[in-house]
Amino acid sequence: MQKLLALLLGAAIQSPQRERFIERIKHMRPEIQSELVEEIQRVTSNSTNTNSPVVNLDSLLAELEQQPSSASTDEEPSDKTTEEGIESNNQRVVTLLERVIRERDEFTNELFEMAADMEQEGSSGSSSSGMATASSSCNGDISVLNNNKCVSNNGARSPSPNALDRHLSVELAAAKGELRKLRNENDEKDEILQEMQDELQQQRIEIGRLQAERLELVKDARAAKDYRDEMDCMQHKLNRLERLEAENEKLRSRLNELDFYKNRVNHLKEDNKIMHETNHVMEEQLEQYQKKISAHLEVETKLIEAQGNVKSLQLDMTKTRERIEELLLENGRLERELRVNRQKCSELERQICSLTEFDSPRIGLDNCNGSNTSLFNESSLLAQLEAHNQSQILELQLDNKKLKAQLENRERNSKSANPAELFEIRKELAEKEKILTEKDENIKNLFIKLETANKKVEENTERFQKEQQNVEKLKHQLVEFKRTNIPLKTHQTLMERLEGVEQKVNFWHYFLILIH
Numbered sequence: 001m002q003k004l005l006a007l008l009l010g011a012a013i014q015s016p017q018r019e020r021f022i023e024r025i026k027h028m029r030p031e032i033q034s035e036l037v038e039e040i041q042r043v044t045s046n047s048t049n050t051n052s053p054v055v056n057l058d059s060l061l062a063e064l065e066q067q068p069s070s071a072s073t074d075e076e077p078s079d080k081t082t083e084e085g086i087e088s089n090n091q092r093v094v095t096l097l098e099r100v101i102r103e104r105d106e107f108t109n110e111l112f113e114m115a116a117d118m119e120q121e122g123s124s125g126s127s128s129s130g131m132a133t134a135s136s137s138c139n140g141d142i143s144v145l146n147n148n149k150c151v152s153n154n155g156a157r158s159p160s161p162n163a164l165d166r167h168l169s170v171e172l173a174a175a176k177g178e179l180r181k182l183r184n185e186n187d188e189k190d191e192i193l194q195e196m197q198d199e200l201q202q203q204r205i206e207i208g209r210l211q212a213e214r215l216e217l218v219k220d221a222r223a224a225k226d227y228r229d230e231m232d233c234m235q236h237k238l239n240r241l242e243r244l245e246a247e248n249e250k251l252r253s254r255l256n257e258l259d260f261y262k263n264r265v266n267h268l269k270e271d272n273k274i275m276h277e278t279n280h281v282m283e284e285q286l287e288q289y290q291k292k293i294s295a296h297l298e299v300e301t302k303l304i305e306a307q308g309n310v311k312s313l314q315l316d317m318t319k320t321r322e323r324i325e326e327l328l329l330e331n332g333r334l335e336r337e338l339r340v341n342r343q344k345c346s347e348l349e350r351q352i353c354s355l356t357e358f359d360s361p362r363i364g365l366d367n368c369n370g371s372n373t374s375l376f377n378e379s380s381l382l383a384q385l386e387a388h389n390q391s392q393i394l395e396l397q398l399d400n401k402k403l404k405a406q407l408e409n410r411e412r413n414s415k416s417a418n419p420a421e422l423f424e425i426r427k428e429l430a431e432k433e434k435i436l437t438e439k440d441e442n443i444k445n446l447f448i449k450l451e452t453a454n455k456k457v458e459e460n461t462e463r464f465q466k467e468q469q470n471v472e473k474l475k476h477q478l479v480e481f482k483r484t485n486i487p488l489k490t491h492q493t494l495m496e497r498l499e500g501v502e503q504k505v506n507f508w509h510y511f512l513i514l515i516h
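Residues 1 to 516 in the working numbering are what the sequence shown spells out, letter by letter.
Treat the hints as calculated values from the structure; they're not laboratory data.
Take these hints with a grain of salt, some might be off.
[Unchecked claim] Simulated restraints on C-beta separations: (1) 289 to 41: 52 to 62 Å; (2) 194 to 229: 51 to 61 Å; (3) 205 to 242: 39 to 49 Å; (4) 24 to 293: 40 to 50 Å; (5) 84 to 197: 20 to 30 Å.
All C-beta atoms, glycine included, are put in the ideal place defined by N, C-alpha and C.
When you get a sec, could you build the whole thing from the sequences and use the hints?
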């Protein structure tokens, strides 16, 4: 795994997209960057080591180019040294190729061993197969050996020949596929080797061409040396003339620059004066803005206090509203009870009146000795009862009939029972009147509570009016701040808050109007 990572890192560094990888490394964490830098240094420094899996192509090409360039600088090159350098470079390339082939063979052997181990682990114990491979370092030939043996476990019966043949055919097909795969890999690596040999041949041709060019350049260099001496002499004279002309031009330009700098200094003085004045004005504006900001903060605090007061008033209004609802419900209930009690009292009074009317005819009947007068009194009594019943409410007709029946029964029974019944009826009437007086007192108390609640509502309305006045003041202050240069966002937030407060105040004002 370390070799694979080293190979990947070396390929990334030596690829034409190395800048892209370097940019990605820069975006990583510092500790990862330091570790990668150490690994890159180790890979680049160990490029000369034969055990290192990475080949530094840049250093190799630099060494190949260094030999012709060093030979071109010499005045009298020797063909023997150049040939030795070429041979050494070729030998080095060959050693590198041999190392690549050897590593390829080692990796293939390791892969086959790993595959064999995986097959042995995957088998159920009935059969075991071994596969050994060997690959030469020169031509890359690969041979595969498969040995299959049947082993009996705990005296179990061996498998049938058909099953064994099927197992062997499956293994043979797998081995053939693996062999085909290895042959393809071998062909690819042979092609890579052929390409590298072609590149080596091209490099040799390029080296020969460069050597011929070097010889021509040496000849040209000798001729150029003579011309260089003459050119140096002429150049010295020309430089002296140019230097004198340049000094003359500099002196002329300095005269013009002096006038320009004088005018420039005057303009800068005027600009400096203007800047001081503007600075003073800006400081005054800054002080004004600071004052306005402080006033703005005070307005915000007042607005927050007003919102708190509005919330407290809302709570008070909810409490008073609930209390008013309770009082109204209690008032309605008491009025209904009062109405019922009055109806009962009126019924009792009617009963008493009817009893008294019935008693008076009886006394007339006792004192009178004639039967005609009694009949006349009874007929007149019935007429009075009919007139009385017609004047009363239709709902009490059934009760009157019941009372008539009771009175007729009492007349038949005895005269002594009438005063006791009248006493009981009067007693009930007194109790009902007492209850009615208590109800009237409760109703009076409720009206007093309603008056206090109305007073509280009026106080709350006054407080709301005060809050509205505060809101109007805040509006005027905000308009003044808007005229001055306060930022737009603060205006928007303040206006939104004021609109919310106005909506709440209008809502509670409308609610108070409905309550009144």
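Evaluated hints:
1. Between residue 289 and residue 41 the beta carbons are some 59 Å apart, a value that agrees with the proposed interval 52 to 62 Å.
2. For residue 194 paired with residue 229, a C-beta distance near 53 Å keeps the hint of 51 to 61 Å intact.
3. Residue 205 and residue 242 have their C-beta atoms about 48 Å apart, which keeps the hinted 39 to 49 Å range intact.
4. Remark: the range hint 40 to 50 Å for residue 24 to residue 293 is upheld by a beta-carbon distance near 49 Å.
5. For the hinted restraint 20 to 30 Å between residue 84 and residue 197, the CB-CB distance of approximately 22 Å keeps it satisfied.
Violated hints: none; the structure is consistent with every hint.
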